[in-house]
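A.B. asks: Chain B: place on chain A using the hints.
So the sequences go chain by chain: A and B.
Position 66 of the first sequence, counting from 1, maps to 66 under the UniProt record's numbering, and the rest follow consecutively.
Position 98 of the second sequence, counting from 1, maps to 98 under the UniProt record's numbering, and the rest follow consecutively.
One or more of the hints may lead you astray.
In this list, chains with the same sequence are indistinguishable; a pair is considered to hold if it fits within one copy or across any two.
[Stated by the list, open to error] DSS-like, lysine-lysine: derived pairs with alpha carbons at most 25 Å apart: (1) K105 / K245; (2) K7 / K245; (3) K339 / K306; (4) K288 / K7.
Everything labelled a hint here was simulated from the structure, so no lab data went into it.
Here is how the chains run, residue by residue.
Protein chains: 2
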Amino acid sequence: MNMINIKEYMQQLGVEARAASRLMARADTNARNQALLAIAAGIRRDKEALLAANRKDMDAARAAGMDAAMLDRLALSEKSIATMAEGLEQIATLADPIGEITDLKYRPSGIQIGKMRVPLGVIGIIYEARPNVTVDAAGLCIKSGNACVLRGGSEAIHCNQALAALVKEGLRTAGLPEAAVQVVETTDRAAVGELITMKEYVDVIVPRGGKGLIERISSEARIPVIKHLDGNCHVYVDDDADEAKALRILENAKTQRLGTCNTAESLLVARSVASAMLPKLAAMLTSKGIEIRGCAETQKLVPQAKAATEEDYYTEYLAAIISCKVVDGLDEAIEHINKYSSQHTEAIVTENYTKARRFLREVDSSSVMVNASTRFADGFEYGLGAEIGISTDKIHARGPVGLEGLTSQKYVVLGDGHVRG
Amino acid sequence: MNMINIKEYMQQLGVEARAASRLMARADTNARNQALLAIAAGIRRDKEALLAANRKDMDAARAAGMDAAMLDRLALSEKSIATMAEGLEQIATLADPIGEITDLKYRPSGIQIGKMRVPLGVIGIIYEARPNVTVDAAGLCIKSGNACVLRGGSEAIHCNQALAALVKEGLRTAGLPEAAVQVVETTDRAAVGELITMKEYVDVIVPRGGKGLIERISSEARIPVIKHLDGNCHVYVDDDADEAKALRILENAKTQRLGTCNTAESLLVARSVASAMLPKLAAMLTSKGIEIRGCAETQKLVPQAKAATEEDYYTEYLAAIISCKVVDGLDEAIEHINKYSSQHTEAIVTENYTKARRFLREVDSSSVMVNASTRFADGFEYGLGAEIGISTDKIHARGPVGLEGLTSQKYVVLGDGHVRG
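This is chain A alone, in the form it adopts within the complex:
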């Protein structure tokens, strides 16, 4: 397609998505759940065809010299296909967020006023290689009464088209418009440029992928973006920390998985307990193969620690490295976190009630934790059922974004012929 055709093509998707979003917003709970279950059934039934489509993508990616980590994200297996289907079945069991009316109260004027939860409308989702995002995102949008336009990585095009066909079949089975979920069929990058600027047809953009993709989309979008940039998460071991808890939490937060956004990337230790606890914490990290980059005080207590630069404290390593700093106490810890963190997830280890309360209130991150591992920052762990991403923005949705993040609230006013005085 040339540029003009791409513009026309995307506008057409937009028109159809907007029309479908109206039908989705009024579709009943049962129809939306039926669609989810039908898609899940289709995925299980067409397992072999999906694996075949994925092999085409994998072959092309290997030929193009894609690295092992990307190939890993692109790959489907019998297990990952079953997981996609289960994900949809789980979303079907969640309570319907749409139409919920809350806070309905009478006002002195006699009107009754409340809020009704409604879909956002049309969600544009832009992501990289992982084909499971196609199914997860479609499932969350269908459940929340939205339409969506999905633009997956060009590497996964065959697989995404096969999944899109199953999604459309499921929508049809449930009597819902097929255009409620549309997969962009061109791999041309100009399609993304259109998607993120079609204000009339798209209400919000959710980019998922590497920081480069997300920064580019945020800066070019003319539509609100729900995004997650970095996960530079901190564990602060307070003066009043329980040593066993500190060891257990830090081990889990840093070493359970190195490459997730809720992995701890920086350790802060209060000076009064540093000489007692830091060597043990460091020994645990070293035994797990984690490189420590610390301040001068850290280096005195931990001979194996390298020197940390200013840049280290800003860094989300996603690797077997952690930065470390000895701090005065709670005040310096909070100040350090609010300066260097990416406002994702931070944890304090303390037995002190007042300091726990202050940490919760004063740390300006999307998740703040007391005596728990940062690894818990996740839609499933929080009971949201599924997540479309983790937002490090401050407006609309912060932290794991589940169904509610794909909705908004409008005011409903009930009267009996009331007029304003």
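C.D. replies: Okay, now just chain B, sitting in the frame of chain A:
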């Protein structure tokens, strides 16, 4: 100031606002309320000085040939000064939104998870002539634990500086940072350009004023904008409308005040009741001096109606004009509204339960009403206590934006050494 100096000046405001926002976020409820009351007392005390500052602005505005409507908005009076002070006192009586923890529940993993309401951080507010916005906006930001940078119209500069001094005095009295409320001292437009792009220092922009200002700011901002563009509000008189209620509601919605954003600008009437009701509705409008622009069917029933163009149905007149269309019934009414309205406020007049429910669910506007005047769409009428504006956006805040719209929610996780399995 030259461009470089303006950039430096605005960056400095930003740095100070960010630092102040940290202190405001942790300031206790009492200190924030004390500041509001101290500012109110200062305003009452310095009434004469404020009137004098306003006279300077008025003289300059008259000399510059400002029109009567703008002069009216710029003018202060003893009464409007008292109203400003009362507004602050009312905000002080509202419940503190900050720190509220909701939905705190245990998860199977053993962690307890909930949401805590927190300030957004730094709010940039850009507005035109009205000096009362300086006080209202400062009051809402102080109460909600935010810092703000206010950029009022250059016409009101003397008055805004006088008010800013009183705000700073009030903050000081309560032991809060003066930089929590900063008024941009330069009238150079480049300052706005800086304000709406300083991502590091400003979390959200609230533009208030004419459509031109708001469109320009929305398209140039690199920071999320909470905005209100148009108020093209509809009243739909259904087949099952009560005639007396229809007359009363339309009269109030259209004629109580012509220039407000929640004034009705378009009337839809179901065909089955058009011949019975439309002439009476039209006679009422005509008797109030309202010009009617209608479809062909309207013109048959209402001889005094002019022909409406397609453009009329999109128009927010803010004047003694209303557009009118006869529609098939509920389906066409909803379709028409979702196409032409600005998603602000729409009302149905009906006695039919099922159609009332459908209108509430399917009309995609920030306020949807049954048997009540669109004029109720207002923060005070809704019980929010005050509003910083009415949002026609879909994400974050829809409809009247009060204290809650200046806050966000972060997740809090409480554990006892819990780690993820």
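A.B. asks: Does each hint hold? Answer for all of them.
C.D. replies: Hint check:
For a Cα distance limit of 25 Å, the shortest separation of K105 from K245 across copies, 22 Å, qualifies, whereas the shortest one inside one copy, 46 Å, does not. Taking the shortest alpha-carbon separations for K7 and K245, neither the intra-copy value of 56 Å nor the inter-copy value of 48 Å comes in at or below 25 Å. Proximity of K339 and K306 under a CA criterion of 25 Å is satisfied intra-copy only: 22 Å inside one chain copy versus 62 Å between copies. Taking identical chains as interchangeable, the C-alpha atoms of K288 and K7 are never at most 25 Å apart, the minima being 51 Å within one chain and 48 Å between chains.
Violation of the numbered hints given earlier is confined to hints 2, 4; the remaining hints are satisfied by the structure.
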